[in-house]
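Colleague: Once you've looked at the hints, dock chain X against the given chain E.
Heads up: the sequence lines are chains E and X, in that order.
The first sequence begins at 2 in this note's numbering and counts up by one.
The second sequence begins at 2 in this note's numbering and counts up by one.
To be clear, the hints were calculated from the coordinates, so they are not data collected in a lab.
Check before you lean on any hint, since a few could be wrong.
One copy or two, either will do: identical chains are not told apart, so a pair holds if it fits within one copy or between any two.
Stated by the list, open to error - Here are the simulated EDC-like pairs of lysine to aspartate or glutamate, each with C-alpha atoms no more than 20 Å apart in a straight line:
1. Lys60 with Glu183
2. Lys100 with Glu81
3. Lys195 with Glu264
4. Lys265 with Asp101
5. Lys17 with Asp131
6. Lys39 with Glu73
7. Lys39 with Asp101
8. Lys345 with Glu321
9. Lys14 with Glu169
10. Lys82 with Glu106
11. Lys60 with Glu364
12. Lys322 with Glu92
13. Lys60 with Asp163
Number of protein chains: 2
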Amino acid sequence: MIVVMRQSQLFTKTSKTGPADEPSKNAQLLTRGGFIYKNSAGVYSYLPLGWRVIGKISKIIREEMNAIGGQEMFMPALVEKTYMEKTGRGELGVGFRVKDKIGPEAYVLGWTHEEVIATITSKSINSYKDLPFYAYQIQTKFRSEGRAKSGLLRGHEFLMKDLYSFHESEEDLFKYYGRVKEAYFKVFERCGLKTIYTLAGGGAFTISNTHEFQVVAAVGEDTIFVCEKCGYAENSEISKLKQRDECSSHLPDGQKCGGRVLEKKSIEVGNIFPLGTKYAEAFGLEFQDKEGRKKPVVMGSYGIGVSRLMGTVVEVHHDEKGIIWPKEVAPFDAHLLCLSPENKNVRAEAERVYDLLEKNHVEVLY
Amino acid sequence: MIVVMRQSQLFTKTSKTGPADEPSKNAQLLTRGGFIYKNSAGVYSYLPLGWRVIGKISKIIREEMNAIGGQEMFMPALVEKTYMEKTGRGELGVGFRVKDKIGPEAYVLGWTHEEVIATITSKSINSYKDLPFYAYQIQTKFRSEGRAKSGLLRGHEFLMKDLYSFHESEEDLFKYYGRVKEAYFKVFERCGLKTIYTLAGGGAFTISNTHEFQVVAAVGEDTIFVCEKCGYAENSEISKLKQRDECSSHLPDGQKCGGRVLEKKSIEVGNIFPLGTKYAEAFGLEFQDKEGRKKPVVMGSYGIGVSRLMGTVVEVHHDEKGIIWPKEVAPFDAHLLCLSPENKNVRAEAERVYDLLEKNHVEVLY
Chain E
2 MIVVMRQSQL FTKTSKTGPA DEPSKNAQLL TRGGFIYKNS AGVYSYLPLG
52 WRVIGKISKI IREEMNAIGG QEMFMPALVE KTYMEKTGRG ELGVGFRVKD
102 KIGPEAYVLG WTHEEVIATI TSKSINSYKD LPFYAYQIQT KFRSEGRAKS
152 GLLRGHEFLM KDLYSFHESE EDLFKYYGRV KEAYFKVFER CGLKTIYTLA
202 GGGAFTISNT HEFQVVAAVG EDTIFVCEKC GYAENSEISK LKQRDECSSH
252 LPDGQKCGGR VLEKKSIEVG NIFPLGTKYA EAFGLEFQDK EGRKKPVVMG
302 SYGIGVSRLM GTVVEVHHDE KGIIWPKEVA PFDAHLLCLS PENKNVRAEA
352 ERVYDLLEKN HVEVLY
Chain X
2 MIVVMRQSQL FTKTSKTGPA DEPSKNAQLL TRGGFIYKNS AGVYSYLPLG
52 WRVIGKISKI IREEMNAIGG QEMFMPALVE KTYMEKTGRG ELGVGFRVKD
102 KIGPEAYVLG WTHEEVIATI TSKSINSYKD LPFYAYQIQT KFRSEGRAKS
152 GLLRGHEFLM KDLYSFHESE EDLFKYYGRV KEAYFKVFER CGLKTIYTLA
202 GGGAFTISNT HEFQVVAAVG EDTIFVCEKC GYAENSEISK LKQRDECSSH
252 LPDGQKCGGR VLEKKSIEVG NIFPLGTKYA EAFGLEFQDK EGRKKPVVMG
302 SYGIGVSRLM GTVVEVHHDE KGIIWPKEVA PFDAHLLCLS PENKNVRAEA
352 ERVYDLLEKN HVEVLY
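If we strip away everything but chain E, and leave its shape as in the complex, we get (with noise of 0.2 Å):
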């Protein structure tokens, strides 16, 4: 839907400087630019420019998990503390605990939802022929950890995209695996990001390594170690690599690599998990192969931060002046500014060209 806005709608302001409790850049800017307000630590508003930014970012996630089969849902925040209980991370301290009237912490608020999924899941898989299938969701989710003091980059609420793939085989889930690494790369090319896919730790829930994309930036809270000649990636937690030593990947032709290797900090935008049948297995998640034998299913779990991608963009994105947006993910494409508004013909001009831009579907700013 094309919009065009006159700024005197906006009840936003632009002021020259920035809040003085929020040492991020991406904050600073931000809320500089009246695209959010930040309510508490971690939690903040979109305001009518930075939701627009939001649905931009939103839309371009869609447009590509679509693109590889993915159907789009919506899981609740109410998470009751059963779907936990049976994989153990009801008691994690990452989840906010929700007090009912009916009694003492009901709910977790939805930090992630392979519990979730799995469960509603295991009500309509039966066979083969049900597999694979995909499902994602454009959510809040909420996170209690640590103290929030990088923006957008970490939050206490924030929002999300959470795809999740159903599968016969490790087989097919790797080969859906290579799909959404393909499809997450356009995503972040197309929010002006060049990302390291970076090889990353597994953990209980996970069948081997995982995976991450990664942007280079000094604020990031992640170390990585990349080669310089081949790119190949790790994060540090899982590394042997050390700053300047020499890449002993295999090139595709055999060879040794041998370029140098670098430490970067970096911010993690996306995150690809092979599952494998961990939660299948909490949740009576099986289906019956060709054989008529009961297998549990075998799952893959893949986020992309929202927000933390729109804080991401304005890190790499700013100069002195302020946030340079690129193209895909600008609030609008023209803003149009009539500087003598008291000459009629300044103003009658200014007019017109709005109206020309409106009926060119150009999104602008007046």
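Modeller: Leaving out everything else, chain X in the frame of chain E:
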């Protein structure tokens, strides 16, 4: 965005019998059709088909809100208790309390956002030149109230559109109040619902009576008295009318109506509140008028229950075979079935029709 979808991509299935623990027609039919999944009492997931309907309803609402100058934004669900303490609404039982690791009950889960928007806008409104403006959001709200037994009609977690308006004077507020009224009628009409504009009670935070948009339905929790001749209606909570009274409203020609008053059960799908200055006074939301005097901003607030609207459409539009979606909110325009997929010619013809529909931007489920 036009979407065509092969039914095999949908992971949900229809069933002939509804859930035993769901007495309401909307929960029965929406669950059977694979539109929603009940996670807990009053807490639902929207499955791909259901989420498409929510998307259609949200699109209608956005178009009508934008048409009356509404700016879309997005406020947080984690509302710090200090916000609600200023109006004394933090202690109301309707708000779920959230525990943080940092301390006990740091937040209330947002069940309405007057306090939050009054705080945000108090930072940017200075002069009468900044008024009026209108901001809205479509967002998950949380209310801890009663036993949830009416499906999407009353949930602990639900989707809502809330619009807030900001004015110099009560006169300007009531002018806009009338515009919102007309926009609401358009929204409900496009969703296939006939609504009755009903006088309802005010409260500590309103300057006069409020109005509700009621849909007549046996399952409704509200009781209204409505004149079958002129359509004048009052909520039973404030009404002195009785079934079969003579309507004493005055018609446009000054004559007393005299129509027969009927008692009806109904569902409240929207409401509009002339708030006045109570919130502005609590949050220091002031402006300077033309004469340089400081005055509190006059506010209005206007709600539509988005998920409740979906439930209401189902209550009104179904027969013994299932839901009959009104055109604008149907998940798809067409449902194409190939009844003999083993017959090559039939299959080729079905594929041809599918391509044709796709090319002509008809949303089709194949």
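Colleague: Each hint: holds or not?
Modeller: So, going through the hints one by one against the coordinates:
no., hint, result
1, Lys60 with Glu183, "within (17 Å within a copy, 30 Å between copies)"
2, Lys100 with Glu81, "both (11 Å within a copy, 15 Å between copies)"
3, Lys195 with Glu264, "within (17 Å within a copy, 64 Å between copies)"
4, Lys265 with Asp101, "neither (45 Å within a copy, 33 Å between copies)"
5, Lys17 with Asp131, "between (56 Å within a copy, 19 Å between copies)"
6, Lys39 with Glu73, "between (29 Å within a copy, 17 Å between copies)"
7, Lys39 with Asp101, "between (27 Å within a copy, 18 Å between copies)"
8, Lys345 with Glu321, "neither (35 Å within a copy, 65 Å between copies)"
9, Lys14 with Glu169, "between (53 Å within a copy, 19 Å between copies)"
10, Lys82 with Glu106, "both (8 Å within a copy, 18 Å between copies)"
11, Lys60 with Glu364, "both (15 Å within a copy, 18 Å between copies)"
12, Lys322 with Glu92, "neither (46 Å within a copy, 45 Å between copies)"
13, Lys60 with Asp163, "within (14 Å within a copy, 23 Å between copies)"
The earlier numbered hints that this structure contradicts are 4, 8 and 12.
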